[in-house]
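Protein chains: 2
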Amino acid sequence: MTDKPKAAKTAVKAPVPKSEQTRTLILETALRLFQERGFDKTTMRAIATEAGVSVGNAYYYFSSKEHLVQGFYDRIGAEHRLAARAVLDRETDLEARMAGVLTVWIDVAAPYHEFAAQFFKNAADPESPLSPFSPESEHARDAAVAVHREVLAGSRAKVPNELAELLPELMWLAQMGLVLYWVFDRSEGSERSRRLAERGARLTSSGIALSRFRVLRPLVREVHELFEDFLPGMAEVAATRASRRPSTES
Amino acid sequence: MTDKPKAAKTAVKAPVPKSEQTRTLILETALRLFQERGFDKTTMRAIATEAGVSVGNAYYYFSSKEHLVQGFYDRIGAEHRLAARAVLDRETDLEARMAGVLTVWIDVAAPYHEFAAQFFKNAADPESPLSPFSPESEHARDAAVAVHREVLAGSRAKVPNELAELLPELMWLAQMGLVLYWVFDRSEGSERSRRLAERGARLTSSGIALSRFRVLRPLVREVHELFEDFLPGMAEVAATRASRRPSTES
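One line per chain: the protein sequences are L and Z, in this order.
Everything in the first sequence is counted per full-length UniProt numbering, starting at 1 for the first residue and increasing by one.
Everything in the second sequence is counted per full-length UniProt numbering, starting at 1 for the first residue and increasing by one.
It is possible that part of the hints are untrue.
Identical copies look the same in the list; a pair holds intra-copy or inter-copy alike.
Unchecked claim - Capping the alpha-carbon separation at 27 Å, the derived lysine-lysine pairs in BS3-like fashion look like this:
| no. | residue 1 | residue 2 |
| --- | --- | --- |
| 1 | 41 | 121 |
| 2 | 65 | 18 |
| 3 | 18 | 121 |
| 4 | 41 | 158 |
| 5 | 65 | 121 |
| 6 | 65 | 158 |
| 7 | 158 | 18 |
No wet-lab data here; the hints were simulated from the structure.
As the structure is a computational prediction, the values presented were derived from the model and not from experiment.
Model the full structure from these sequences, guided by the hints.
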């Protein structure tokens, strides 16, 4: 219960506003019930009862179960940024930065592994508000893409300007691929997912190294365009971003 | 009811063995019940009753519900090969061959769209026997990869020998991406999936055209290796194939 994201084993002493405590209590209760009873079978009423708050109070903080899931996404994202800090401050090699950031994600997400597997079918539909690609997930997604932007920007790798803006989103998409793999990974300590994170980081950094060959750049653009056009939430975000973007591009 | 795969609206007059008719009847009944009641809630007993055969008889043809799903994969694959024939005989341009083959898949799969959406969560787990990546699905997968091999081989595109063996599997993987998109596509007539098929074909053929640049080949190899290493069923198949492969490989 803290005004900062709660990282595993980080004791925070600062006093926390009562409203923030209630919010966290409701979120944690919901996650526990989703895990115990399943997402579909857990009602807001049951969450309120278990958390010892009124139903009205629960709805004040989270206007639907879907909002609770967004709260969960924001929280796991915040925990991840906190854990990634050490990697980003330490490593300058692109591959090491990527592998490190993906690996700490697996660490941070470990307590939610069981929940993720049963929750998966709700989030797999790109049109669902629970999908990581939905407009509703934009906040969590933007924050996650920003981590990848920092992975790239803080590395020694030379990235052509015209790709520097696209690559972090593609790296995030690759991370979503890893998350999908991890959801179903039954190896001890998600060992296989960890190896996939390392191999994926190697592959991505080789791919980025090849971007100095101009002939490849249109392909990267095309992949990125495809991804924006066909993922419903991403398309909206892309449109918004385009209207915000300064005209200095390329 | 035919000894050839039954294509939609193809009337076949040749007499069909009784056992084949029974097998088809059980498979079609099962698909209908899966659609009406859900895969999880449909028992082999219910399938037998609805099909008017004994439970023992149903088990004689399909030793589990999972085998029925494999039967379904084989059947949709056979329908697809039949429908793809016209495209493969007509087109020589790689992009047109790919787009055509993917588009006829969407046509052939249309009657199963609703089933696919509710069935999805059973097949998304790569460790499930129902996953397209599982060892159990090898038969259906090999047949589907063979279609992509023909897409490539029959085109005018020049493909380096060292990639000719890997690319059909990567093209099939891209098709699985399209299938995932289609499962959740709610546009009229799966219009968005059709556009994705066309755009994907364009992107893939541009990518293949770039394979004349030697610098890219290690990357293609690495992507392929990653895919074989991390998809459980694929790894087994790869091992088997390696032991069958003549030693002429570069």
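Structure-based check of all given hints:
Taking identical chains as interchangeable, the C-alpha atoms of residue 41 and residue 121 lie at most 27 Å apart whether they share a chain (14 Å) or sit on different chains (17 Å). Taking CA atoms no more than 27 Å apart as the test, residue 65 paired with residue 18 passes inside one copy only; the shortest distance there is 22 Å, against 53 Å between copies. In the homo-oligomer, the alpha carbons of residue 18 and residue 121 never lie at most 27 Å apart, since the shortest distance is 34 Å inside one protomer and 40 Å across protomers. For the identical chains of this complex, residue 41 and residue 158 are neighbours neither inside a copy (50 Å) nor across copies (55 Å), given an alpha-carbon limit of 27 Å.
Both within a single protomer and between protomers do residue 65 and residue 121 lie at most 27 Å apart by alpha-carbon distance, with minima of 15 Å and 21 Å respectively. Taking the closest pair of Cα atoms, residue 65 and residue 158 never come within 27 Å of each other, the shortest separation being 43 Å inside a single copy and 53 Å across copies. Taking the shortest alpha-carbon separations for residue 158 and residue 18, neither the intra-copy value of 47 Å nor the inter-copy value of 67 Å comes in at or below 27 Å.
Of the numbered hints stated above, those contradicted by the structure are hints 3, 4, 6, 7, listed in ascending order.
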